[in-house]
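Each protein sequence line maps, in turn, to chains A and B.
According to my numbering, the first sequence holds residues 1 to 112 in order.
According to my numbering, the second sequence holds residues 1 to 110 in order.
The hints are simulated quantities; they were obtained by calculation from the structure and are not laboratory data.
Note that the structure is a prediction, hence the values are computed from the model and not measured.
We treat Cβ as the ideally placed atom computed from N, Cα and C, and that holds for glycine.
Honestly, I wouldn't trust all of these hints.
[Claimed, not checked] DEER-style ranges, computed between Cβ atoms:
#1 A/54 <-> B/38: 31 to 41 Å
#2 B/81 <-> A/58: 42 to 52 Å
#3 B/61 <-> A/59: 32 to 42 Å
#4 B/72 <-> A/27: 40 to 50 Å
#5 A/15 <-> B/72: 26 to 36 Å
#6 A/58 <-> B/30: 35 to 45 Å
#7 A/15 <-> B/52: 40 to 50 Å
#8 A/61 <-> B/70: 40 to 50 Å
#9 A/72 <-> B/38: 20 to 30 Å
#10 B/96 <-> A/59: 29 to 39 Å
#11 A/72 <-> B/50: 42 to 52 Å
#12 B/84 <-> A/78: 13 to 23 Å
#13 B/72 <-> A/53: 40 to 50 Å
#14 A/54 <-> B/58: 23 to 33 Å
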Amino acid sequence: KQEVTQIPAALSVPEGENLVLNCSFTDSAIYNLQWFRQDPGKGLTSLLLIQSSQREQTSGRLNASLDKSSGRSTLYIAASQPGDSATYLCAVSGGSNYKLTFGKGTLLTVNP
Amino acid sequence: DAGVIQSPRHEVTEMGQEVTLRCKPISGHDYLFWYRQTMMRGLELLIYFNNNVPIDDSGMPEDRFSAKMPNASFSTLKIQPSEPRDSAVYFCASGNTEAFFGQGTRLTVV
Numbered sequence: 001k002q003e004v005t006q007i008p009a010a011l012s013v014p015e016g017e018n019l020v021l022n023c024s025f026t027d028s029a030i031y032n033l034q035w036f037r038q039d040p041g042k043g044l045t046s047l048l049l050i051q052s053s054q055r056e057q058t059s060g061r062l063n064a065s066l067d068k069s070s071g072r073s074t075l076y077i078a079a080s081q082p083g084d085s086a087t088y089l090c091a092v093s094g095g096s097n098y099k100l101t102f103g104k105g106t107l108l109t110v111n112p
Numbered sequence: 001d002a003g004v005i006q007s008p009r010h011e012v013t014e015m016g017q018e019v020t021l022r023c024k025p026i027s028g029h030d031y032l033f034w035y036r037q038t039m040m041r042g043l044e045l046l047i048y049f050n051n052n053v054p055i056d057d058s059g060m061p062e063d064r065f066s067a068k069m070p071n072a073s074f075s076t077l078k079i080q081p082s083e084p085r086d087s088a089v090y091f092c093a094s095g096n097t098e099a100f101f102g103q104g105t106r107l108t109v110v
């Protein structure tokens with residue numbers, strides 16, 4: 001059974017800092033990995049999708065990497081802003097099906 | 001596209017009542033998912049469909065829960081009878097390779 005772990009559970013940083021969020025998964029036979037953002041009381045917004053054959057994806061100040069063999073992914077946020085404050089969730093889909101298994105998320109607070 | 005649309009956004013009901021949650025997926029998406037989110041357990045997959053056919057319902061907690069997808073543009077999740085422990089936020093998502101989520105339905109069973 002796939003298990004996804006996100007470290008740290010919470011992170012507080014000053015504005016402008018670069019930061020890294022970590023995600024690990026137990027079964028490397030994944031189809032893809034997706035990073036989401038969730039604001040309080042809201043749904044999930046897809047940030048980046050990495051296919052299993054890819055090593056990284058970039059969107060603006062966000063960069064996500066994938067190391068399938070070690071079962072790890074990182075989300076790098078450059079020059080953090082207070083508007084980046086949210087919960088960031090990592091999810092992987094299995095090799096034989098498309099269902100997403102989620103981590104518990106990292107609650108990020110960027111202080112002005 | 002308006003994205004994945006869920007209704008209602010909030011539902012408060014008494015224990016024992018039937019609850020029906022609704023979802024309109026994004027047009028052209030082959031997969032539809034129902035998730036439940038709680039503080040204790042995080043996001044849990046309840047069931048997912050591929051081309052309107054249920055593929056995996058192993059996450060449905062009990063027989064009180066049922067889901068249907070009568071056509072490509074509509075799905076329902078029904079709880080009958082509802083219990084206080086069903087209180088959670090229920091999300092619907094659709095996609096092909098990338099999943100897109102609705103805003104969720106916050107269910108409170110009193």
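To see whether the hints hold, each was checked on the structure:
1. At roughly 32 Å, the beta carbons of residue 54 of chain A and residue 38 of chain B sit within the given window of 31 to 41 Å.
2. The given range of 42 to 52 Å is respected by residue 81 of chain B and residue 58 of chain A, whose C-beta atoms sit roughly 49 Å from each other.
3. With their beta carbons about 36 Å apart, residue 61 of chain B and residue 59 of chain A fall inside the hinted range of 32 to 42 Å.
4. In this structure, residue 72 of chain B and residue 27 of chain A break the distance hint of 40 to 50 Å, their C-beta atoms being roughly 31 Å apart.
5. The hinted window of 26 to 36 Å between residue 15 of chain A and residue 72 of chain B is violated, with their beta carbons roughly 45 Å apart.
6. For the pair residue 58 of chain A and residue 30 of chain B, the supplied restraint of 35 to 45 Å is violated, since their beta-carbon distance comes to about 27 Å.
7. At roughly 47 Å, the beta carbons of residue 15 of chain A and residue 52 of chain B sit within the given window of 40 to 50 Å.
8. Restraint check, residue 61 of chain A to residue 70 of chain B: a C-beta distance of roughly 42 Å satisfies the suggested window 40 to 50 Å.
9. At roughly 27 Å, the beta-carbon separation of residue 72 of chain A and residue 38 of chain B lies within the given 20 to 30 Å, and the hint holds.
10. The given range of 29 to 39 Å is broken by residue 96 of chain B and residue 59 of chain A, whose C-beta atoms sit roughly 19 Å from each other.
11. Separated by about 29 Å at the C-beta atoms, residue 72 of chain A and residue 50 of chain B break the suggested range of 42 to 52 Å.
12. One distance hint, 13 to 23 Å for the beta-carbon pair residue 84 of chain B and residue 78 of chain A, is violated here, with the actual separation near 44 Å.
13. The hinted range of 40 to 50 Å is not satisfied by residue 72 of chain B and residue 53 of chain A, whose Cβ atoms lie roughly 29 Å apart.
14. Between residue 54 of chain A and residue 58 of chain B the C-beta distance comes to about 29 Å, which sits within the given range of 23 to 33 Å.
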